[in-house]
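Visitor: Keeping their order, the protein sequence lines are chains F and G.
Per this note's numbering, residue 1 is the first one in the first sequence, and the count goes up by one each step.
Per this note's numbering, residue 1 is the first one in the second sequence, and the count goes up by one each step.
Hints in this document: simulated from the structure, not taken from any laboratory.
Treat the hints loosely; a few may be bogus.
Identical chains share a label here; the pair holds if one copy fits it or two copies do between them.
Listed next, the in silico SDA-like pairs over lysine to any residue satisfying Cα-Cα at most 25 Å (straight line) [to be verified]: (1) LYS23 / ALA89; (2) LYS48 / GLY97; (3) LYS43 / ASP96; (4) LYS48 / ILE3; (5) LYS8 / GLU31; (6) LYS8 / GLN76.
Protein chains: 2
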Amino acid sequence: MDIDAIHKALANPVRRQILQWLKEPQHHFSEQDHPLEMGVCCKLIDQKTGLSQSTVSAHLATLQRAGLVNTRRVGQWIFFQRNEEAIHAFLAQLNDGL
Amino acid sequence: MDIDAIHKALANPVRRQILQWLKEPQHHFSEQDHPLEMGVCCKLIDQKTGLSQSTVSAHLATLQRAGLVNTRRVGQWIFFQRNEEAIHAFLAQLNDGL
Chain F
1 MDIDAIHKAL ANPVRRQILQ WLKEPQHHFS EQDHPLEMGV CCKLIDQKTG
51 LSQSTVSAHL ATLQRAGLVN TRRVGQWIFF QRNEEAIHAF LAQLNDGL
Chain G
1 MDIDAIHKAL ANPVRRQILQ WLKEPQHHFS EQDHPLEMGV CCKLIDQKTG
51 LSQSTVSAHL ATLQRAGLVN TRRVGQWIFF QRNEEAIHAF LAQLNDGL
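Turn these sequences into a full structure, and let the hints guide you.
Guide: The structure is reproduced here in structure tokens:
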């Protein structure tokens, strides 16, 4: 677990917002055709933020590098899911260690 | 509470280490002449890190700007204490919101 990378990833309101949306995909991305169990398509995340695709793509890459989300490629699209195990381990360490 | 600033401050192992030392000043800074209740003198924190004074000074300023430590000036020295209230509020928000 790269604690520095996780804190850097969380030090941005857009990235925290994306993580929160991914917590309740059925609430925030109910329009997705693919089953939400496979994650949320980057295209829908782009649209929901209202930011450019390249900006959101960079945010998602930061979250992925920090290990906070898992990805799955389907055709041309990438689907994103929270890595609940990593998030839980990070919170546990922070609650103990901070 | 500036969540971005707090995460940025925590995204560094030296700053996290300093916060941990300040959690148990009687254990880590027992050699201090002044009462530990007034905080820990920046000079002792410098020495304990083994880093240059200017580097540690920058780390402490980052922690202070994020609101994670409180300071008190006594003569030429600055004494540092954890801001337990802010740390607690940050953890509560993270546990709820992440």
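Visitor: Look at each hint and say if it fits the structure.
Guide: Against the structure, the hints:
1. Taking the closest pair of Cα atoms, LYS23 and ALA89 come within 25 Å of each other both inside a single copy (16 Å) and across two copies (22 Å).
2. For a Cα distance limit of 25 Å, the shortest separation of LYS48 from GLY97 across copies, 19 Å, qualifies, whereas the shortest one inside one copy, 35 Å, does not.
3. Taking the shortest Cα distances, LYS43 and ASP96 never come within 25 Å of each other, neither inside one copy (37 Å) nor across copies (27 Å).
4. Proximity of LYS48 and ILE3 under a CA criterion of 25 Å is satisfied inter-copy only: 22 Å between copies versus 28 Å inside one chain copy.
5. For the homomeric pair LYS8 and GLU31, neither the shortest alpha-carbon distance inside one copy (31 Å) nor that between copies (35 Å) is at most 25 Å.
6. In the homo-oligomer, the alpha carbons of LYS8 and GLN76 never lie at most 25 Å apart, since the shortest distance is 28 Å inside one protomer and 34 Å across protomers.
When the structure is compared with the earlier hints, violations turn up for hints 3, 5 and 6 and for no others.
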